[in-house]
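Participant: Protein chains in written order, with our numbering: chain A, -11 to 567; chain B, 116 to 324.
Incorrect hints may appear among the rest.
Beta-carbon label-pair distances, calculated as ranges [what the hints assert, rightly or not]: (1) B:Glu299 to A:Lys47: 36 to 44 Å; (2) A:Ser4 to B:Ile213: 33 to 41 Å; (3) B:Gly145 to A:Lys47: 29 to 37 Å; (4) A:Leu566 to B:Glu299: 47 to 55 Å; (5) B:Pro129 to A:Leu533: 56 to 64 Å; (6) B:Lys158 to A:Asp278: 36 to 44 Å.
Think of the hints as simulated: they come from the structure by calculation, not from any bench.
Beta carbons: idealized from backbone N, C-alpha and C, even for Gly.
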Amino acid sequence: METAQQEVLTEQEASSGIELTGSAALLEGLLVEGVDTIFGYPGGAIMPIYDALYDYKEKLNHILVRHEQGGIHAGQGYARTSGKVGVVFATSGPGATNLVTGLADAQIDSTPLVCITGQVFAHLLGTDAFQEIDVINITAPVTKWNYQVTDATEIPEILAKAFYIARSGRPGPVLIDITKNAQIQKFNFQGYKPCNHIRSYRPKPIVRKEYIEQAAELINAAKKPFVLWGQGVLLGSAEQEFRTFIEKTGIPSAWTILGAGAIESDHELNVGMLGMHGNYGPNVLTNECDVLIAIGMRFDDRVTGRLDKYAKQAKVIHLDIDPAEIDKNVQTTVPVWGDCKETLPILTELCEAKQHTEWLEKFRSYQKEEQTQLITNELFPTSEELTMGEVIQILNEITKGEAVMVTDVGQHQMVTCRYAKFNKTRSNVTSGGLGTMGFALPAAIGAKYGAPDRTVFAIIGDGGVQMTIQELGTIMQFGVDVKIIVLNNQFLGMVRQWQELFNERRYSFVDITSPNFVKVAEAYGIPGTSVSKREDLRTAIESMLNTQGSFFLEVMVTKENNVFPMVPQGCSVSEIRLK
Amino acid sequence: MSIMSDQNQKETTPEKQEYNITVYTENQIGLLSRIAIIFTRRKINIDSLNTSPSEIESIHRFNIVINETEDVVRKVTRQIEKQVEVLKVYYHTNEDVIWQEMALYKVPTDTIAEKALVERLLRENGARAVLIRKDYTVFETTGHRSETDSLIAALQPFGLIEFVRSARIAIIKDSDGFNRKLREFERIEPGQEPVENEYLNDRDKVFSM
């Protein structure tokens, strides 16, 4: 995006300026920022922008979603697969409040977005006008930055700031609220200059080499070093730097679900997934390693379990771009502040080339135990009913880990993250921090626009798909090629699992009925099928992949299957249960 | 490994006490709200909040007082510093700052006239009359919380009509002001001079980017 800035004005126009409305200036700015796709929904207070958009149809591809929440999740999906800033339009009032869930999701998962909301005329602010809502205050806790524009002349500068803030440092969502008068107002547009500095904002902390030297000293002396990596590696485009680091130092490495794919699943140093439903070895051995190296991750409670029993024996090195993450949850021995794309090469240079064969072997033996006790049964079941895991296993065999997996929230999400092969970066799009059910279907639409050459699967539970099922309309209208797989266990499965394990099987309101999904899909002109027998599964998946365009596959799976391993809430990571 | 051990061992004071948080910011609508919600989200009561200009034109200064443990205060200050329009945040205990609060007291004039005791009381407390009318007199005093508080208690029996106290303002004892730091912020590329990294040299004392 930084490289693709196009000159939209002639030299003469840029020097003397041209008369433009605020709306047109906004769209000119989007073009300079390299925006090609907008997800949005019109309404009264944003009509002038939509009117201007009519003249930009050839340059800006606007995707009309079916609900503003769908719009922002699509923006997130787009940002996550493309690495660019997602752009979302919504109107004032309910249009704006419908963005809140997606903003919160993007804020906690550090996804760069620029959302534009319309607002009532400036003279009506505070009068309880039709569709007026205080969107700046409502969204303050869930945006990296927000701003209300009441004068068109502010638009170029504010939009430039918005893009700069959204994508720099630790990325995040930004919202600009533009009153209707500012959209209509004409002013002398002097061209659009992207922003690269804000006095009060330091996106990257200064790299201090002496701390990297201390980190290297610890790593070189370590007998049982262990790397945890997160989305920071992807956000910093530091996949290669990360690979070089672990390959030189020979350190076993485990990932958070948002970090998945930075190195391929079958890499010999990739020891698996962290957290509540992560792999056995990485969880247990967190409490046995002597040096813990956290790279671009934030020690979420779903990763750490009980904090006072988390890696207490280890020296902790924490590499992060956000100073507020250092010492937030886990006390570090050595903080390494900075963009890991810059800090990792310095660290790698100072580290000795090593192999930790014996230590790595320990991970392998836990892996074997998990495989025999649990994974084999999940991926190659002998029971009559289908499991979620075997669906993912077949996808792995067919796609060879090349596809984008967009997941919702719940059991299917954990199963997909655990078992899907991710052989490319930016392949796992999921709602991590916020746990937003209803995320997957719209996010998959955006993911496809962000990575048009890749196969995109939306893997969703029967609960989550019903939260944003209206986005089938978007898929229909724009012919979005998304392969939808609903893993239907006829329950709100994760809540049911907790009720089974911790509430004496008191299944309180987790029994959910679904419509005939195949007929629903058919009504939207999307071909589909439902399978419940093993002998039909592979054929169904193959025919889904052979179908041009979107496809809806429902797989009826065992009703009361549980996701294991599991670190029960309030327990230490080393108390992880295999059953 | 001795380089690490001293930092590792440093324990922060676990007890709650008053901390003075000083925030240097741009002047922007909505920033007060963004800063306030950082506290409310964590269910932290703001004991006092003052906004004022600083020694530099266009730079504003917040003085916030909360009663919390140092660990909480440090984490909160880092969250405040993440706000785009915030330039810098410091926190200090009461020992490290010079602080004052101002109070106004409205007392019936006849009581003061009749009772010499009251006037003496006010004078002893460094109070000064800012308005004298037939019916009431307004006194002003400046000092620490305990001083303005004790004067309320003392005046209560004499028919104190109205009382108000300002937010706390505090000057940091060992601060050189903000001018030098601001010049660093105004450079597009951060300099090699690690002026914004005091925290790394003295992790427990100052937070910084």
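Participant: If you test the structure against every hint from before, which numbers come out violated?
Facilitator: Number 2 - this is the single hint that the structure violates.
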